[in-house]
Each structure stands twice: as C-alpha cells, then as structure tokens.
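A.B. asks: Model the placement of chains R and A on the given structure of chain H, informed by the hints.
Order-wise, the sequence lines are chains H, R and A.
Each residue of the first sequence is one higher than the one before, starting from 1 at the first, in the numbering used here.
Each residue of the second sequence is one higher than the one before, starting from 1 at the first, in the numbering used here.
Each residue of the third sequence is one higher than the one before, starting from 1 at the first, in the numbering used here.
Honestly, the hints are just simulated from the structure, not real lab data.
One should not assume that every hint holds.
[What the hints assert, rightly or not] If you want a taste of the chain A side facing chain R, the calculated C-beta under 7 Å gives, among others:
hint, residue
1, Gln48
2, Thr58
3, Arg195
[Claimed, not checked] From chain R, some residues computed to sit far from chain H (all C-beta separations above 12 Å):
hint, residue
4, Ala49
5, Ala159
6, Arg197
[What the hints assert, rightly or not] Residues on chain H that point at chain A, a partial pick, calculated with CB under 10 Å:
hint, residue
7, Arg51
8, Trp79
9, Arg83
10, Asp163
11, Ala178
12, Ile212
13, Gly216
14, Asn217
15, Glu223
16, Val230
17, Gly240
Since we're looking at a predicted model, the values are computed, not measured.
We treat Cβ as the ideally placed atom computed from N, Cα and C, and that holds for glycine.
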Amino acid sequence: MRRRILPGFGLSLGYALTYLGLIVLLPLVALAWKASGIGVGGMLHLLSSPRTLAALKLSFGGAILAAIINVCFGLLVAWVLVRYRFPGRRLFDALVDLPFALPTAVAGIALTALYAPNGWLGHWLKHYGIQIAYAPPGVILAMVFVGFPFVVRTLQPVLESLDRDVEEAAESLGASHAQTFFRVILPMLVPTLLTGFALALARAVGEYGSVIFIAGNIPMRSEIAPLLIVEKLEEFDYAGAAALGTVMLIASFALLILIAVLQRWSGRWAEQLQ
Amino acid sequence: MNRPRRRPHWSRRIGHVLLVLAATAFLTIFLALPLAVVFVEAFRQGLRAYLSAIGQHEALMAIRLTLLVAAISVPLNVVFGVAAAWAMARFEFRGKALLGAFIDLPFSVSPVISGLVYVLLFGAQGWFGRWLELHDVKIIFAIPGLVLATIFITLPFVARELIPLMQSQGSDEEEAARVLGAGGWQMFFRVTLPNIRWALLYGVLLCNARAMGEFGAVSVVSGHIRGLTTTMPLEVEMLYNEYNYVGAFAVATLLALLALATLSIKALLEWRYGDEIAAHAPGGH
Amino acid sequence: MKKFLLMLGLLSALFAAAAPAKDVTLLNVSYDPTRELYRDINAAFVAQWKAQHGDAVTINMSHGGSGKQARSVVDGLPADVVTLALANDIDAVASRGLIAKDWQKRLPDNASPYTSTIVFLVRKGNPKSIKDWPDLIKPNIQVITPNPKTSGGARWNFLAAWGYALKQHGGNETKARAYVQALYQHVPVLDTGARGATNTFAQRGVGDVLVAWESEALLAQRELGKDTFDIVVPSISILAEPPVAVVDKNVDKHDTRAVAEAYVKFLYSPQAQAIEAKNFYRPRLSAVSAQFAAQFPKVNTFTINDVFGDWHQAQAKFFADGAIFDQIGPGH
Numbered sequence: 001m002r003r004r005i006l007p008g009f010g011l012s013l014g015y016a017l018t019y020l021g022l023i024v025l026l027p028l029v030a031l032a033w034k035a036s037g038i039g040v041g042g043m044l045h046l047l048s049s050p051r052t053l054a055a056l057k058l059s060f061g062g063a064i065l066a067a068i069i070n071v072c073f074g075l076l077v078a079w080v081l082v083r084y085r086f087p088g089r090r091l092f093d094a095l096v097d098l099p100f101a102l103p104t105a106v107a108g109i110a111l112t113a114l115y116a117p118n119g120w121l122g123h124w125l126k127h128y129g130i131q132i133a134y135a136p137p138g139v140i141l142a143m144v145f146v147g148f149p150f151v152v153r154t155l156q157p158v159l160e161s162l163d164r165d166v167e168e169a170a171e172s173l174g175a176s177h178a179q180t181f182f183r184v185i186l187p188m189l190v191p192t193l194l195t196g197f198a199l200a201l202a203r204a205v206g207e208y209g210s211v212i213f214i215a216g217n218i219p220m221r222s223e224i225a226p227l228l229i230v231e232k233l234e235e236f237d238y239a240g241a242a243a244l245g246t247v248m249l250i251a252s253f254a255l256l257i258l259i260a261v262l263q264r265w266s267g268r269w270a271e272q273l274q
Numbered sequence: 001m002n003r004p005r006r007r008p009h010w011s012r013r014i015g016h017v018l019l020v021l022a023a024t025a026f027l028t029i030f031l032a033l034p035l036a037v038v039f040v041e042a043f044r045q046g047l048r049a050y051l052s053a054i055g056q057h058e059a060l061m062a063i064r065l066t067l068l069v070a071a072i073s074v075p076l077n078v079v080f081g082v083a084a085a086w087a088m089a090r091f092e093f094r095g096k097a098l099l100g101a102f103i104d105l106p107f108s109v110s111p112v113i114s115g116l117v118y119v120l121l122f123g124a125q126g127w128f129g130r131w132l133e134l135h136d137v138k139i140i141f142a143i144p145g146l147v148l149a150t151i152f153i154t155l156p157f158v159a160r161e162l163i164p165l166m167q168s169q170g171s172d173e174e175e176a177a178r179v180l181g182a183g184g185w186q187m188f189f190r191v192t193l194p195n196i197r198w199a200l201l202y203g204v205l206l207c208n209a210r211a212m213g214e215f216g217a218v219s220v221v222s223g224h225i226r227g228l229t230t231t232m233p234l235e236v237e238m239l240y241n242e243y244n245y246v247g248a249f250a251v252a253t254l255l256a257l258l259a260l261a262t263l264s265i266k267a268l269l270e271w272r273y274g275d276e277i278a279a280h281a282p283g284g285h
Numbered sequence: 001m002k003k004f005l006l007m008l009g010l011l012s013a014l015f016a017a018a019a020p021a022k023d024v025t026l027l028n029v030s031y032d033p034t035r036e037l038y039r040d041i042n043a044a045f046v047a048q049w050k051a052q053h054g055d056a057v058t059i060n061m062s063h064g065g066s067g068k069q070a071r072s073v074v075d076g077l078p079a080d081v082v083t084l085a086l087a088n089d090i091d092a093v094a095s096r097g098l099i100a101k102d103w104q105k106r107l108p109d110n111a112s113p114y115t116s117t118i119v120f121l122v123r124k125g126n127p128k129s130i131k132d133w134p135d136l137i138k139p140n141i142q143v144i145t146p147n148p149k150t151s152g153g154a155r156w157n158f159l160a161a162w163g164y165a166l167k168q169h170g171g172n173e174t175k176a177r178a179y180v181q182a183l184y185q186h187v188p189v190l191d192t193g194a195r196g197a198t199n200t201f202a203q204r205g206v207g208d209v210l211v212a213w214e215s216e217a218l219l220a221q222r223e224l225g226k227d228t229f230d231i232v233v234p235s236i237s238i239l240a241e242p243p244v245a246v247v248d249k250n251v252d253k254h255d256t257r258a259v260a261e262a263y264v265k266f267l268y269s270p271q272a273q274a275i276e277a278k279n280f281y282r283p284r285l286s287a288v289s290a291q292f293a294a295q296f297p298k299v300n301t302f303t304i305n306d307v308f309g310d311w312h313q314a315q316a317k318f319f320a321d322g323a324i325f326d327q328i329g330p331g332h
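Chain H with its partners taken away, still in its complex shape (with noise of 0.2 Å):
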C-alpha cells in the first residue's frame, strides 16, 4: 500500500461518489422505478411493437453510422490539425467545439435551413436526386454534427504525444508513408478512436433537439427513440415512456461496456506491437 502515502482517499471517493448517487444514481432508480410499473407484459408489448423497433433501429444504426463516420473524419481532421501547419489552423481547431455550444435546436434549424429542398446546399443535391433533409440521411447528419468533437478532441491529444521516433525508425526501415500510417501508427491509436467512437455513439443515440427539425419524423421511416419517448409523455403514459427511456439506457451501456472491453483488448495489443 505505498499509495496510501497520499491523502484524502476516503473524502475524494465518498465526495465523487455522493455526488454521483445523487445527481445521477437516484434520478436514474427513480426512472427505472416507474419503468418497472408497466410489467414484463407491457415490457414484451413495447418491444414487439413493429414501430418501437424501427425507432429504435433508425437511433443506434443511425448512431452507429454517425460514430463510424466521426471517427473517419474525427481521425484525418485531428491528424491535420496536429501535425500540419496552414494558413486558420486555429480557426478551425476552435471550430471543432462548436456543436457543444450551438444549442442543438439551432444546430437542427441550421442544419434543416442548409439542407431543406431550398437551402444552400439542399438545392443543389436535389438536383442529384439527393434528399438529406426529412430523410433518415438528415438524421445521420445531425448526429454526425453533435459527435464529431468527441472523436477530435479525444484523439488531439494522444496524437501530439506520439513518440515520432517510431515512425522514423520505419521509415527509416523502408516503409512507405501509407504502410508506416496503417502497420504503425493506426495500431497504436485503435484504443483512443475506441474512446472517441463510444463518446459520439452515446451523444448521438439519445439526441433530441437537433434530430427533431430535419429528420422528418414519418413513423416505420424517419422517427427516432428519444420522439416516441416524447409522443408516451403526450399521452400521460410516464411509464411506458421511461420503460423505452431505461431500454435504450441499458442498451447504450451495454455498447459502451463493450467498448471498454475491445479497447482494452487493443490496448494491450496496441503495447505489443511496440
């Protein structure tokens, strides 16, 4: 126990974890409190329901698809800004934040104004026979908006802590610029794209505001979970919407325990690599 030479375990822990109980652990018992009021019956019936499932399916598929992307380009923007040197380097380094601070009600008029058949962008794709807004493609890139400064801000700093000097022993050994990126470096930042992938999947599958105003909301085709939450709230039914609440909570844990473990799988895959 030679860790015990520094103090305040005892008031950190109890401190972190009252705070926790509280603000977090007690409102989620009390969710799952009134979700348990609907019974295993009423628990078989909402599952089964054909639209619940397509909701559910456009949520995590959507975010799946949102995250996958964010970590594409999550990865190649970090890389930039970290390694590059060009003209509003800064400029766009600070733009990377702006979907925590854009309320997300903007954010989704925003996006539905650029986007919409007579939008800046939305009548030029339409000439293509590309609809993004009032389609699930709306959705996906609501989410892919909301998660993006996850993946880039959680990568930045790993990559500028990159020991270069493996890369150049590489290279060095004759590796080409694209082998030495996928047998080296891509490896070692498998764990951290984990992290960042999890980040942007959990924000994006529960994601209401921003969704709501381009998605389109037409059941069985573009309607999301976090709607027919609201639609149960409508209709006074607390339970039936914290039954769906607490499922997709349990889900979107599950994913990110999931992760957890892949990414320490990796990590120590990652470690014999180098």
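C.D. replies: What follows is chains R and A alone, placed relative to chain H:
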C-alpha cells in the same frame, strides 16, 4: 519538435496538401456552413435589427438566467471532477472501472430522459412532490431544476479531462511533497493543481459551453415561463416559433460567439504558455 | 476561494435585488399559436385592472405544445390560468384534481371565448388548384400537417379530415378511414408542433398545402408575406374551440382567484373579443364578428360533439397508443 526536419519529397508534399484540403473541406461543410447560416440569418435585416433583438427585455433575462445557471453548475462539477479524478488516478480500489463507467453515464442518457428523471423525483406527482409542496420548495419549473438538469448533462466533462492526464503524470511529485512534510491541502494547491491547471481549464471551458447550450433536458424542466425560466437556447426556440427569425438567430449568435470566445481564450493560452502546457501534457517530457 | 465566495455573494445579491416587487402575478399557461394574442390581451387586461382596482397585475406567459403544457401543470407548473388547444388537455389537468370537473360549464360557450377552424394554406396563385378536401389526396400533392400525438392543432386537422370524409360518405367509417389514411400518405414531414409545420411549409418550401388553424394561416400570411400564400377554405370543416379555465388549486394557494376569474371573463368582453378578432380568432360576440366579417369567410362547420361525441371519446378512438392514428398514420 525542434529536431531538424528534412525537406519532404514532392509527392509527399502533395499528399499533405490533399489531406489538409480534405480536412478543411469537411470542417467547412459540416461546421462552418451551419455557423454561417446562423450569422447570415441574424444580420439579414442589418446591424440595427440585430442589436435591437439582443436588447429585448426577454432576451436579456434569458442571458442573465443562462449565466446564473452556468455559474452555479460549472463550479459544482469542477469540484466533483477534481475529487473523482483524485480518487480514480491516485488510488486502487474495487469497482474503479464501474465508477468510471458511471461518470460517463450522463453522456449516454437522452436529454429527454435526463429532464424527465427530475420530474419523476421532484414533480408534483414525483417521489418528493408532496413533501416539496408542503414545505413550499420549488425545484421543477424553477432555477434549481434548471441547475440540476444542467449539472447532469455536463457532469462528465471535467472528470474526463483530468483522469487520463493525472494517470499519466503519476504521483511522484505529490509523494515527494508529502515526504518533505507538506500538508494535504498544501500539497494539493502547490503541486497537484499547478500540474493539472491546463486540463482543468479546458474541462471548465467545455463544461461551460455545453452548460450554456443545453436545450433538451432544460426544456423538460423549464416550464417555459417567459422572462423567468427561459434560458437562451429556449428563448431561441420561442423566437423562432414566433416567426422572429432575426431575433432567434441573433440570440443564437451570442451562444456561438461564446463558444468561439472560450476557444480563442484556449488558443491564446496555448500560444502564450505553449511550452509550459506541452511540459504538462500527457506523455510530455 | 475567498474571492470566489465573494463573487458568489455579489451575484446572489444582484439577482435577489432584481426580483419583482410584491404585486399580483398571474401565470397563464397556453399553447403555441396564442403568443401574439395574449401579448395584446394581457396589456389590455393589465390596464383595465389598474384603472378599476388600482393594483398592478403582472401576467407571465408560458407557451408550448398543448399536451406538454397540460402535463407541466400536472407536474407542478404553478399555472393560475390554462388556455389550451383542446378540452381534452384541460380535462387531463382536471382529472388530477387541480381544476373542478365541471370547468367547461363555469364559463359561456363551452368555456371557449374564441373559436377557429381548419383551413388550407397554399402557395400564391394556388398552382396545384387545391379547392377542397378531395384535392389533398390527388397524385403529386404534398400535405404538411404536424403529428397529432404531439400537437393539439394536428388533432383538429385530423378530426376535420375525418369529419369531412364521414359526411361525404354518409357516415361510412371504413371509407372515412381510407380517406384519412390516403391523406397521411401525402405527408412528407410530420413536425412535432403547429408552428414547426408552418415553418417547414413557409421557410423550407416543402409541400403544396399546409393544413392549419385559420388563425395560424392568417398570421402566417401577415408575418411571412401576403403575396406568397393564399388561403383556401374547404367546403366543410371543424369548429375548433380552444378552451380556458382557472386552475382552482393553484389560485387558492396563490390567493389570486379574483384576478384569475376576472381575467378569463375578460376574454368574453367586447374589448377582448375585438383583440381576439384582430389576432385572427373568430369572436363569439356577433357584434364583433359583424365588424370583422371580411376577414372571416363563412364556413360550414361541425363540432366535436356533433361527430365524435366528446373529446374524451375522440382521444381514445383516434390518438391513444395503438389507436386509429397509429394504424393508419404516415409510414403505413
């Protein structure tokens, strides 16, 4: 960083340029264009209309409320973040991984739900509803409810910023301070805090930006009483629903400017104290 | 740390000092499309009350989707007065004991001081020549109407369409159902609120026709340009009666019953009826409606009670979980 660079081969330079172009194109289309829409709409009727929209009584009240809510919730989350990071990064205990997962939990809760849970607890029909009513304590549809929802949404930011940094820094300096006879708080303020201040600051900036911009959860617990419980994001929605597009986007530009301002502060600090920050960055030497 | 505490102290002093002085304050919890209406009504009522009683009244407003607002009141939003889109939402508040069950009988005209109806808003010159309900389901027509699950106005739209089809087909429910199902096949975007739908139609240029409250259509025409939209009045429509009520439990607690009751009665006064007409709601007083005859064309209407019994039955039959809208709405 300061080792001499060889001049890269021309084909590689083209590769660099292409990568930079691709990244900036993505940022422009996905982030800069929506921002441009907000500003173009806000100034559509000129500067005068913009200024008068921001000067409206309700807009000013919304700005004040937003600042108040952030001023309460951000410091609380900072204290939590530091405490959680200290426990997680400096000690081994059972259930540590679980604690980490719980800290991230608010990220994966839909904003609709994070507002609803407080209604289930403190609403008139909720667990504590009757007691609160008897004692005439208002939580939901009042400032405490807005603060609670905001704290919930922004809880992970500071802790997430600090934990990896403190883990990678290790505790040698702090242990040395203790051996040399420093008290607990003395060690914290003289050694720990200076070592984490940049990450802490960045966590505060992000937490603050998100706190001011939160819409979904706050919307559930606000009650939308104009001038009393409407924060800036809610005011934006209201103005938009009144067909007052200039007003809506004008208030939205304030939030966007705020984001850009906090980010410029960060950029400025990095530029001014660049070496110092690099020295404390994870994996720095 | 000391500095921080000092700052906190200063901040709280600042906010405490700014709290309103001790006057009578009413909270009117209303739905989305009444923002402009109650801004004018409140100013008139405050002036009148001041002149008659010498007391200053402050009226705070809360606007949102009608159902959501009712839910907020049930959850503890301290409303003194509710002015919602449909009786069912006030019934929901009443069923939790906040309002006397007979609220609809305490005021004249089913407790709705003003009415509206459902009309069509089309693009200038009516390029798709939409005249009546059957035109909405012709090929290549896109209809904008919000989601009845989340919008009170959308429920009126749904019931207007159903009522038309029922009358058209001599009370044949199957045919009415087929018409409404076909109608929702033409809906490309299902907004969550009436204002959202208007914005989609007017700002985003989506759809050929917006099914909307008459008051909303007239307002959209005024706010967004008379030369961009035309209003089409269908051959038959529904008489929409947005009701008002004093929230008994809250006014007794706040000791505001006298003002709150005067406020809802004021809505029936000639002065208020004229303000309502100016804000595009059809007044109940015939003298006032005569004055605004040019603005409100004659419409052949039916009421909820004529066709559906009452709101409670309509709600259960069409909009409850798994009910008719869930079976035939868009996407089916």
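A.B. asks: Hint by hint, note whether the structure agrees.
C.D. replies: Evaluated hints:
no., hint, in the structure
1, Gln48, "violated, 21 Å"
2, Thr58, "violated, 10 Å"
3, Arg195, "holds, 4 Å"
4, Ala49, "holds, 18 Å"
5, Ala159, "violated, 8 Å"
6, Arg197, "holds, 15 Å"
7, Arg51, "holds, 7 Å"
8, Trp79, "violated, 36 Å"
9, Arg83, "violated, 39 Å"
10, Asp163, "violated, 40 Å"
11, Ala178, "violated, 43 Å"
12, Ile212, "holds, 6 Å"
13, Gly216, "holds, 5 Å"
14, Asn217, "holds, 4 Å"
15, Glu223, "holds, 8 Å"
16, Val230, "holds, 6 Å"
17, Gly240, "holds, 7 Å"
Hint check: violations occur at hints 1, 2, 5, 8, 9, 10 and 11; the rest are consistent with the structure.
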